[in-house]
Structures are given as structure tokens and as C-alpha cells.
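Please arrange chain B on chain A, whose structure you already have, making use of the hints.
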Amino acid sequence: MSEASIRAVRLSKWYGKVTAVSDVSLQLGPGIWGLLGPNGSGKTTFMRLVAGQIKPSTGRLTVDGEAPFANPNVLRRVGYCPEADSIYEQLTGLEFVSAMAELSGYPPADARKHAEVALEEFGLTDSMHRKMGGYSRGMRQRAKLAQCIVHDPDVLLLDEPLTGTDPSSRQQILDALKRRAKEGALVLFSTHVLPEIEALTEQVLLIARGQVVAQGHMQEIRELLDEHPHHVRVRCDRPRELASALLAHESGVVALHFPAPDLLEVRTWQPDETYDAIAEQALALDLDLHSITSPDANLEALFHYLVERANRGAGSGADAGTGGARQLEKASERTAYQQQLEAGQGAGESAGADA
Amino acid sequence: MTVRDLGYRAYEGELLPSSHNSWVLLRYGLWRIWGSWVNKIVVFFFWFPCVVYVGLALFRYFIVGPEMPPEAVEEGGWFAGPPGEWMRYLTAAQFWFFAIPVTLRSGAGIVAGDLSHKAYQFYFAKPVTAVQYLIGRAAALALFLFGLIFVPTLILALVFVGTGPEDQMLERLGLLLPAFLDALVIATSLSVLAVGVSAISKSRALTLTAWVVLLVVPFALGMLVEQIGEVEWMHAISVPGLLWSLGDGLYKVHDSWEQLKWFHAAPLLLALCAGAGYFAYVRISRAEVIT
Numbered sequence: 001m002s003e004a005s006i007r008a009v010r011l012s013k014w015y016g017k018v019t020a021v022s023d024v025s026l027q028l029g030p031g032i033w034g035l036l037g038p039n040g041s042g043k044t045t046f047m048r049l050v051a052g053q054i055k056p057s058t059g060r061l062t063v064d065g066e067a068p069f070a071n072p073n074v075l076r077r078v079g080y081c082p083e084a085d086s087i088y089e090q091l092t093g094l095e096f097v098s099a100m101a102e103l104s105g106y107p108p109a110d111a112r113k114h115a116e117v118a119l120e121e122f123g124l125t126d127s128m129h130r131k132m133g134g135y136s137r138g139m140r141q142r143a144k145l146a147q148c149i150v151h152d153p154d155v156l157l158l159d160e161p162l163t164g165t166d167p168s169s170r171q172q173i174l175d176a177l178k179r180r181a182k183e184g185a186l187v188l189f190s191t192h193v194l195p196e197i198e199a200l201t202e203q204v205l206l207i208a209r210g211q212v213v214a215q216g217h218m219q220e221i222r223e224l225l226d227e228h229p230h231h232v233r234v235r236c237d238r239p240r241e242l243a244s245a246l247l248a249h250e251s252g253v254v255a256l257h258f259p260a261p262d263l264l265e266v267r268t269w270q271p272d273e274t275y276d277a278i279a280e281q282a283l284a285l286d287l288d289l290h291s292i293t294s295p296d297a298n299l300e301a302l303f304h305y306l307v308e309r310a311n312r313g314a315g316s317g318a319d320a321g322t323g324g325a326r327q328l329e330k331a332s333e334r335t336a337y338q339q340q341l342e343a344g345q346g347a348g349e350s351a352g353a354d355a
Numbered sequence: 356m357t358v359r360d361l362g363y364r365a366y367e368g369e370l371l372p373s374s375h376n377s378w379v380l381l382r383y384g385l386w387r388i389w390g391s392w393v394n395k396i397v398v399f400f401f402w403f404p405c406v407v408y409v410g411l412a413l414f415r416y417f418i419v420g421p422e423m424p425p426e427a428v429e430e431g432g433w434f435a436g437p438p439g440e441w442m443r444y445l446t447a448a449q450f451w452f453f454a455i456p457v458t459l460r461s462g463a464g465i466v467a468g469d470l471s472h473k474a475y476q477f478y479f480a481k482p483v484t485a486v487q488y489l490i491g492r493a494a495a496l497a498l499f500l501f502g503l504i505f506v507p508t509l510i511l512a513l514v515f516v517g518t519g520p521e522d523q524m525l526e527r528l529g530l531l532l533p534a535f536l537d538a539l540v541i542a543t544s545l546s547v548l549a550v551g552v553s554a555i556s557k558s559r560a561l562t563l564t565a566w567v568v569l570l571v572v573p574f575a576l577g578m579l580v581e582q583i584g585e586v587e588w589m590h591a592i593s594v595p596g597l598l599w600s601l602g603d604g605l606y607k608v609h610d611s612w613e614q615l616k617w618f619h620a621a622p623l624l625l626a627l628c629a630g631a632g633y634f635a636y637v638r639i640s641r642a643e644v645i646t
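Chains A and B are the protein sequences, given in the same order.
Just so we're aligned, residue 1 is where the first sequence starts under the working numbering, counting upward by one.
Just so we're aligned, residue 356 is where the second sequence starts under the working numbering, counting upward by one.
Chain A with its partners taken away, still in its complex shape:
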């Protein structure tokens, strides 16, 4: 039996005029992989392609060495946990998971036995005989995960598996997935929440607008988050005075904007220094400081950055096909991004004009 693997070469999927997955090339082996992307980025479509539920429009996709679409050999080795919260309310957890095991080819008695073990693994032993209509969201999620592993697959595809789970069930799920990966399974799980990935794996794929915009180590993603320009919003009584002081200060500020009379928006390359400078100047100027917030200290901003970078031709999903993580060329990227910012900003938004 071949080793668990997913391999895509220039894989694309269109729905009419909408491109859901575009020119993705990658190769994944055993272990846990986080598929990170904002909502609507193509994560689910990619998962469904790998799960053999939809046919690629172009390109080649193999799972464990075979094309997954309508291929029972592959489908028996793949466990898919869809995002949809669509579980039959009339069935008990045990009936549902047993049915899924039977559909994977298990005889009824074995299916039931395996379903009990799978439900036990996700902490549903006590409630397996209850109708799923009475399950909480977290319990439904765990029942879905149990059906995903019940036939002992070596490729697990989990679409937002931690949605709606409480901390204790989250831990149970994470432990179970780690155990699976340790056994040699390939676990690909999607999320748009960074800490979920961090809790599980160091290997990350970033997908945006249907393209794999980066593939690599979690630490690199963290660095990207640190190095792309941040927005900081300061609400105070004299924002223009603060802006002048920040410009005079060496705090990496690249742009200033005043969306409201009491609001200053700072764009900076060095968020830590900027926060320090804001605090320092607020004290020095004796400002009446109401709030300091960052609207984009999240993945959306990072995806935005990477997508813009991809659009500028810095790379495409096909780059990932080499298997190595793409390293960002920090200096050139920063300059290009800064130039783009400068070109795109209105006169009233530039630091010089406003400050």
C-alpha cells in the first residue's frame, strides 16, 4: 500500500465564470497540514476535489497515487469531514457513524464495533445512543469527525473541524488528530483561525482566491504577519498633534490618515516600535487617549498582502509544486508594497499632506 499522499499539478476548478481553485500545484506527505485561508478562498473546493466529490476542471490530482474522483479505492482510504452541519436528527450518533462505516464497505457488525470505538475516541461514548437532534454543536462536530475516521483512513480531510467546539472537546479532537498523524496518516485541515493551526501543526498552506499563495513553516507565517504593514488606530482628543510627534519619531510610520476628527490611523512597518511611540507621545503630550486598536492584526491582512504579492507576479500556486516553502524576499517585497501604497493613496491620506 502506497504512503499517504496528496499531489496536485496545475489543478483548477471553475464553477461557470467563478474560479474556485486556480492553478494549484503541491505535494503533501504524512503529517498534519494546515490549510489556511479566509472565507471564500477555495479551501472547501480544494478539500472536495481531494475527497473525490468534484472533478477538476483542469490539472491533475492524485491521492495515494490515484485520481480520487469516483474512485472507490481512494474513497475507502480518505476520511472527509465536511464543514456542513448536516446530520440526520432522527439517527443516533452510533447509527450515523455505523451507516458511514457500512458505506465504506464494513459488514454491519464490524461497522458498529468500529463506530463505537470512533465515537469513544471523540468522547461521545455516553451520548452515542442519543438522537443527534439533541446534540450540541460541538457534539455534532465530534460525531462528524468520528464518521470521518471510522473506516481507518490514511488521508483525513477536515474542513473547519473545530468550529463550535468547546475547549475540552477541542483538545480531544486535537489529540485524536495528532495520534492519527503519528500513525502515518496525512491530515489536512482547513481553518481561517491561525491559533487553531498553531495548536496542531507547523506545516501550513496558505490559500487565497483559489491559489496557494504560500506553503511552509508556521514560523514563517508569523514572520510575515510581523513584517507586513500594520494599521494602528488611535482615538484621542488631539490626533494631529500625535501624528506630528510620531512622524518626528523613528517608529517606522509610512502613512497617516484621519478618518474622523478624533481618530488617527497609522500605517507602519514596525508595529511594536509604533505602539511604544504612541504610548510615549501620549504621555508626553498629555493626550486624552480613548483607545488603541489594530483593525488588521489578523490573517485577512496577511492574505491581502500575499494575494497582492501574487498578483504582482511574485509567484503563483505552481511554485509550491517544487515542494519547498517559498521564502519572501523581504526587502524587495517591502519596497514594492510601499510603492504600491504610495501610488494608491489619495492626497488627503498621505502622511505629508495630512500631517
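These are computed hints drawn from the structure, not numbers from a lab.
Keep in mind that a hint or two might mislead.
[What the hints assert, rightly or not] DSS-like mimics (lysine-lysine), calculated; alpha carbons at most 30 Å apart, straight line:
| id | chain 1 | residue 1 | chain 2 | residue 2 |
| --- | --- | --- | --- | --- |
| 1 | A | K182 | A | K113 |
| 2 | B | K473 | A | K113 |
| 3 | A | K113 | A | K55 |
| 4 | B | K473 | A | K17 |
| 5 | B | K395 | A | K178 |
| 6 | A | K131 | B | K616 |
| 7 | A | K55 | B | K395 |
| 8 | B | K395 | A | K131 |
| 9 | B | K557 | B | K616 |
[Claimed, not checked] Distance windows between CB atoms, simulated:
| id | chain 1 | residue 1 | chain 2 | residue 2 | range |
| --- | --- | --- | --- | --- | --- |
| 10 | A | R240 | B | R641 | 56 to 64 Å |
| 11 | A | P108 | B | L528 | 53 to 61 Å |
| 12 | A | N73 | B | L532 | 42 to 50 Å |
| 13 | B | V486 | A | S136 | 35 to 43 Å |
| 14 | B | E369 | A | G164 | 35 to 43 Å |
| 15 | B | V406 | A | S136 | 30 to 38 Å |
| 16 | B | V398 | A | S136 | 29 to 37 Å |
| 17 | A | D126 | B | P622 | 39 to 47 Å |
| 18 | B | L536 | A | E89 | 55 to 63 Å |
| 19 | A | K131 | B | V398 | 13 to 21 Å |
[To be verified] Which residues of chain A face chain B? A few of them, derived with a C-beta cut under 10 Å, are:
| id | residue |
| --- | --- |
| 20 | A67 |
| 21 | A70 |
| 22 | V74 |
| 23 | A99 |
| 24 | D110 |
| 25 | R112 |
| 26 | R240 |
| 27 | S244 |
Every residue gets a Cβ at the ideal spot worked out from N, C-alpha and C, and that includes glycine.
Relative to chain A, chain B alone:
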């Protein structure tokens, strides 16, 4: 602790072929049908017509004797009619009072429910094909409907066998075959049509409306045209009309209509069912959605 410690082993037993999937879907489909309170009520009451007919048959046996006198038969009326005619009436009662409510309740959402909940994602992540899925779904409903129609007619037929003259025993036993085939045709047709209608939309309300329109409107129109213009052909556009005509042919007791015969109805019903099945197949094959 590893997964293996919890009892997990790569499965070493013989895996059943994927053709087994329809059977699995049928079994769990039956559970879903049974889960509806409407269907539970139907199961509770579906014996009643049978009890009434059996009571009347026994009453006739004890009052009149095993065989109706020829003059009573000539006078006509269903009470004096042959056993086959009684069974036709019992089938009609089962059809309208029980099979139709179950078909509306469970048939309208049989595919629509899975479409709206995106439950396909569970099924088609397993080695289940669209055809297996459709067969499993339709078969569950068909089996349930078959039970509702055939079991009472079987009981009535056996009562007629037990209470009839000895020389007619074989003839009366022969009624079991048309009873079986009639129930099978009704159950299969309704189930396949239900799957087709249910695949029209994700909205169960819409598919339910479509079902009501398909079953009731052409039938009512057929009856109206028959009454006013004495034209029976309009029944050819109604599912109950086609089924009734086929039933007449199977029982060979009497023709409800002069013009619409079973050999007209059979190809029409077959075409309708094939169209519904194909439509459902196409809809499921194209059930890709951007999520």
C-alpha cells in the same frame, strides 16, 4: 496512548463491494421514514380498512355462505362482487389514505432534504455512486409503501381463500400474484416519481407542492373531463389514473375505463418513471455548490 491502543487496527476483514451501498442506504432510509410522526400515525391506522373489509368478508360468509347466489351477483354492487374487486377497493383505500400521505411526507424531502443540508458530502465522500444513492433512497420509500399496500390485501386474500368454496381455492390463491404485482407497481412508481420530484429543488415546501400538484390536479382534471365530456383519455396524464388502469389489467376483474387500458398506461408510466429517475440522476450529478 495511541489510536491503536484504543482498538484501532487497519481493517483486515473482507470489505463488502460498493454495490452493497444501496442496501445500506435502504436500511437507514427506512429508519428515517419511521422517524416521522406522520408515518407512525399511518402505520397505526393502516390496518383499519383491512379490518373493515375482513369483517365484511366474514359477515358475507356467515350470512350468505361461501358463494354468492347468482341473482345477487347479477344485481351487482361491490358487496356481491368477486374477491378480486374487493381487493381492488382495499388497494384504492390504502393508496389514497396511507400511501399518498407517506409519499408526501417522506417522498417530498427524500432528496430535497439532502440537497438543502448538503448531506451529499457525507455520502459521496464514501464509495457511493449517484445511482446507488438514488436506488437506496427510492427503495426505502418503495419498501415502506409496498408494506402498506400489500400486507392488507394479502390478509384479505387469505380470508377469501379460507372462506371460499373449495373448488375456488386455487383461483382465489391466484389473487395473491396480482395483489403482489399491483402493490409493487404502485410502490415503485410512487418512489421513483418521489425521488424525481424531490430533486427539483432544495426547498421541501416546493417539492411538496409539486407532488400535490402532480398527484391531485391531473387526477381531478381527468375525473372532471370524464364526467363532462365522457372522455377517459385525460386519466392518461394522471399518475393515480395510470396506476388504477394498470391494476385493472393485473386483476382482470373489470375495467374502470373503456378507453384507457393497461397496455396504454404501462408505457406511459414507465416513461414517466424513467424521466423522473434520469432527472434526479442529473440533478445529483450536478449538485456541486460553492461553499
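- Query: Regarding V486 (chain B) and S136 (chain A), is the given constraint of 35 to 43 Å on their beta-carbon distance met?
  - Reply: 36 Å, holds
- Are K55 (chain A) and K395 (chain B) close enough, with their CA atoms no more than 30 Å apart? 41 Å, violated
- How about R112 (chain A): closest beta carbon in chain B under 10 Å, or not? Status violated, d = 12 Å.
- Query: Given the hint that K182 (chain A) pairs with K113 (chain A), does the C-alpha gap stay at or below 30 Å?
  - Reply: OK: K182 (chain A) and K113 (chain A) at ~23 Å, within 30 Å.
- Message: Is the interface hint satisfied for A70 (chain A)? The criterion is a beta-carbon contact with chain B at less than 10 Å.
- Response: 7 Å, holds
- Message: Holds or violated: the 35 to 43 Å window for the beta-carbon distance between E369 (chain B) and G164 (chain A)?
- Response: 38 Å, holds
- Task: Could you see if the CB distance from K131 (chain A) to V398 (chain B) stays within 13 to 21 Å?
- Result: 19 Å, holds
- Item | 55 to 63 Å as the expected CB spacing between E89 (chain A) and L536 (chain B), which holds or is violated | 37 Å, violated
- Query: Is it true that the CA of K131 (chain A) sits at most 30 Å from the CA of K616 (chain B)?
  - Reply: 49 Å, violated
- Decide if the proposed pair is consistent with the structure: K473 (chain B) and K113 (chain A), CA atoms, cutoff 30 Å inclusive. With a Cα-Cα distance of about 27 Å, the restraint between K473 (chain B) and K113 (chain A) holds, given a limit of 30 Å.
- Query: In this structure, is the beta-carbon distance linking P108 (chain A) and L528 (chain B) contained in 53 to 61 Å?
  - Reply: Hint violated: Cβ distance 36 Å, outside 53 to 61 Å.
- Evaluation of the interface hint that places V74 (chain A) against chain B, nearest CB under 10 Å: This hint holds: V74 (chain A) lies near chain B, its Cβ roughly 9 Å from the closest one there, short of 10 Å.
In summary, the numbered hints that this structure violates are 3, 5, 6, 7, 9, 11, 15, 17, 18, 20, 25, 26 and 27.
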